[in-house]
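Chain residues, written in single-letter form:
2 protein chains.
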Amino acid sequence: MKIQAVKGTRDFYPPQMVVRNFIIDGWKAASLRNGFEEYDGPIFEYLKMFQIKSGDEIAEQLFNFTDRGGRALAIRPEITPTLARMVNQKISALPRPIKWFSVPRLCRAERPQKGRLREFFQWNIDIIGVDDILADAEIIFTTIDYLRSLGLTPKNIKAKISSRKLLAAFLINIGITDKDLESLYPVLDKKARLPAEAFDEMLAKVVTDAKTAAMVKAFMEIDKPSNITSKLLRLINVSDEAAEAEKELEDLLELLESMGIGDYCEFDPGIVRGLAYYTGIVFEVHDIVGEFRAVCGGGRFDNLLKDFGGPSIPATGMGMGDCVLEILLREKGLLKNKPSTRSLDYFVAYADKALLTEAIKITANLRKAGLATDFSYKAGSLKKQLKEASLANSTRCIIVGREYENGELVVKDMATGKQETILEDKFWAELENRKGAL
Amino acid sequence: MKIQAVKGTRDFYPPQMVVRNFIIDGWKAASLRNGFEEYDGPIFEYLKMFQIKSGDEIAEQLFNFTDRGGRALAIRPEITPTLARMVNQKISALPRPIKWFSVPRLCRAERPQKGRLREFFQWNIDIIGVDDILADAEIIFTTIDYLRSLGLTPKNIKAKISSRKLLAAFLINIGITDKDLESLYPVLDKKARLPAEAFDEMLAKVVTDAKTAAMVKAFMEIDKPSNITSKLLRLINVSDEAAEAEKELEDLLELLESMGIGDYCEFDPGIVRGLAYYTGIVFEVHDIVGEFRAVCGGGRFDNLLKDFGGPSIPATGMGMGDCVLEILLREKGLLKNKPSTRSLDYFVAYADKALLTEAIKITANLRKAGLATDFSYKAGSLKKQLKEASLANSTRCIIVGREYENGELVVKDMATGKQETILEDKFWAELENRKGAL
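So the sequences go chain by chain: A and B.
Numbering of the first sequence is given in the numbering used here, commencing with residue 21 and proceeding in unit increments.
Numbering of the second sequence is given in the numbering used here, commencing with residue 21 and proceeding in unit increments.
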């Protein structure tokens with residue numbers, strides 16, 4: 021019976037696995053050097069947990085099932101609810117600030133399309149327990165620190181930053197009700213991806229008054245944070261909240277400048293993020309060429325832990341999926357220098373089958389010493405075995421040949437082709453010495 | 021709303037995550053140094069795929085569900101079916117031998133108990149396309165190479181090895197039908213874990229003739245492979261298959277001796293493995309003290325690829341879960357030297373809030389240079405900040421204090437407590453030099 025993989029999932033053969041590891045290892049390294057600790061939760065949780073943050077309709081985007089005990093469960097579509105649950109469960113025992121990262125495997129029952137699969141990996145970094153804008157700066161810095169380490173420059177990507185607090189203060193100032201805010205956010209979030217008329221039409225459905233709608237659009241076109249107050253002044257009376265939010269934005273941009281990533285960052289009031297749960301700074305990193313394609317997004321969500329039954333503790337974070345990132349890296353030619361699927365320290369070749377046992381002994385000893393070593397299962401010609409060594413990206417090749425009668429091995433440097441004959445005892449002694457020197 | 025994790029799953033807080041990473045990183049390192057390449061498949065597949073190897077009843081042990089397209093899917097309970105599918109799909113393009121490993125996350129809808137959870141990780145190594153006993157030796161060597169690297173000695177663990185080919189030849193010789201073999205294997209597999217009477221009772225249900233049952237028991241008590249033929253001779257006429265299988269076992273044990281792990285290995289005809297799909301060498305690694313507890317198991321399964329709609333290609337492999345292993349390592353005190361959840365190269369402390377921006381700049385520059393660095397979000401006393409540095413296992417601490425007026429930093433070695441005052445420019449120049457030297 022021939023069976024295929026399910027549509028929207030990926031098989032990671034060794035060449036694809038190397039790319040996945042390259043991305044995930046990079047996420048881990050960037051997290052650790054920025055002072056984050058790793059956590060993870062289960063791949064499935066109670067279905068109702070995923071509905072707290074995203075509403076009942078999320079069930080349709082989930083792979084959900086019932087176990088034999090009748091529990092309604094689902095494969096996780098995101099890790100933030102798990103984070104909230106885990107932090108709440110141990111809140112009094114956890115030293116703060118909580119600076120955690122994770123690289124979960126996630127599944128969403130979506131229609132597969134370019135850059136959006138039904139199974140993917142996502143880098144998450146979160147700082148919990150810090151009210152200060154410093155934490156938002158840390159999240160954005162860590163994100164850019166990773167992308168920069170891949171070779172992406174300010175010419176390739178930009179972190180576009182805005183403030184939900186500012187947007188909310190402004191919208192309430194111009195008469196939008198609290199109730200309408202939630203339906204307005206997803207509309208504003210789509211602005212950059214929609215033709216102007218389509219956006220106007222969607223906006224008009226939520227904001228029926230034309231003058232108010234024009235003010236909303238004017239706000240979204242402000243180009244500098246220092247222009248916010250003056251521009252706002254022309255539109256409305258600036259509230260304390262709006263002025264405070266503006267100050268916060270300015271401080272943030274200054275901090276990012278100090279951190280040396282000012283040229284990667286810009287204010288963009290068009291950044292809204294669809295979800296209702298953001299409460300402060302929001303940002304997305306965009307591919308500059310790729311038509312508004314977001315590589316990642318995040319922001320402050322000070323009410324999340326409370327929504328999950330815990331205390332009121334501030335939090336800010338970021339999530340980045342592997343699919344869009346991989347497309348971007350491929351387009352920019354930044355996946356070319358990735359490590360190969362195999363690389364050995366030694367390949368042990370043997371001149372004829374009678375020497376196989378010796379070759380195996382040497383292989384086993386090298387591996388025991390922690391060195392990546394392989395040998396051929398078939399006693400092919402030395403030429404064939406050397407080719408196998410080369411295919412396996414071996415640094416050196418040991419040849420067990422007729423010199424072995426005198427207790428000697430031939431060690432060949434695969435890059436230079438240089439060969440050296442050495443007494444086996446001496447070879448092991450030198451290896452031991454090198455280990456001691458490290 | 022307070023929500024718990026589902027029973028039988030684990031939350032990996034940073035201290036637990038470190039242990040999981042310690043185990044999985046060790047699996048990966050052992051695989052790579054033994055010449056295996058990494059692969060992975062999706063977390064869910066078509067339900068029917070998992071029924072090929074294990075029968076329809078496996079559905080009860082699976083978390084299965086139907087997607088919106090009406091497809092019957094399941095979370096993977098093992099990765100071998102995925103391996104068979106992936107290899108079959110690209111069989112003509114893959115260079116052989118295929119020597120692959122994976123560390124999949126797996127789920128089984130079992131009743132949780134000690135060492136057996138509903139979600140776990142499993143190390144899998146497989147060699148496909150090699151008929152030779154050498155491949156079986158490689159699988160056992162790689163398994164022991166990993167366990168040995170953790171500090172487990174032949175006094176802690178043993179690889180108990182037998183041959184399904186030998187067992188099958190013997191059972192057929194004494195008159196067991198092919199049909200009865202499949203129901204007999206799971207019974208024999210349980211022998212070591214059952215009281216003698218309970219085993220006798222189970223055996224009698226499949227092998228009704230008492231004399232035949234006695235022969236089966238006599239076989240399972242043979243203690244050395246070299247005794248097989250002579251012991252068998254007393255019982256029956258040795259078939260060619262049985263003699264061949266015995267020779268193979270003896271060759272394997274000799275190979276393992278050459279590889280330097282002879283003292284970790286022993287012949288044990290009581291090792292059967294329950295599943296019908298094994299065709300040759302089978303083995304389990306047991307904790308010697310822990311009452312027959314198997315740490316891992318594996319063997320040869322030459323028909324698997326064919327059963328999955330592919331060509332007839334020999335294969336041999338091993339699977340090791342993380343739960344029993346972790347219990348074993350904990351019991352033996354081998355998890356004590358694991359890395360801590362955080363460790364920094366530098367912690368940047370600042371004497372008062374006015375110096376925060378400088379501290380941030382220094383932090384950002386160190387991180388950019390690839391060094392794990394953190395700082396305090398609160399301008400607490402220097403004493404408090406140094407304590408934070410120590411909690412984060414920082415190697416060094418940089419103090420931005422009043423010396424900074426003269427452009428100087430204080431660098432404190434956290435292990436020795438020694439402090440050095442250095443011009444900031446010189447600090448960066450030296451860092452650059454050290455990077456160049458590496």
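Keep in mind that the hints are not guaranteed to be accurate.
What the hints assert, rightly or not - Here are some of the chain B residues that sit facing chain A, going by a computed Cβ distance under 10 Å:
#, residue
1, TYR33
2, GLY90
3, ALA157
4, SER278
5, ASN385
6, GLU440
Read the hints as simulated data drawn from the structure, not as lab findings.
The C-beta atom is built at its ideal place from N, Cα and C for all residues, glycine as well.
Here's how the hints hold up against the structure:
1. TYR33: At about 6 Å, which falls below the 10 Å cut-off, the nearest Cβ of chain A leaves the hint on B/TYR33 intact, so it holds.
2. GLY90: The hint is violated - B/GLY90 has no Cβ within 10 Å of chain A, the shortest such distance being about 12 Å.
3. ALA157: B/ALA157 check passes; min Cβ-Cβ to chain A is 8 Å, inside 10 Å.
4. SER278: Where the cut-off is 10 Å and the nearest Cβ of chain A is about 5 Å from B/SER278, the hint holds.
5. ASN385: Hint on B/ASN385: holds, closest Cβ of chain A at ~7 Å, below 10 Å.
6. GLU440: violated, 23 Å
Checked against the numbered hints above, the structure breaks hints 2, 6 and satisfies the rest.
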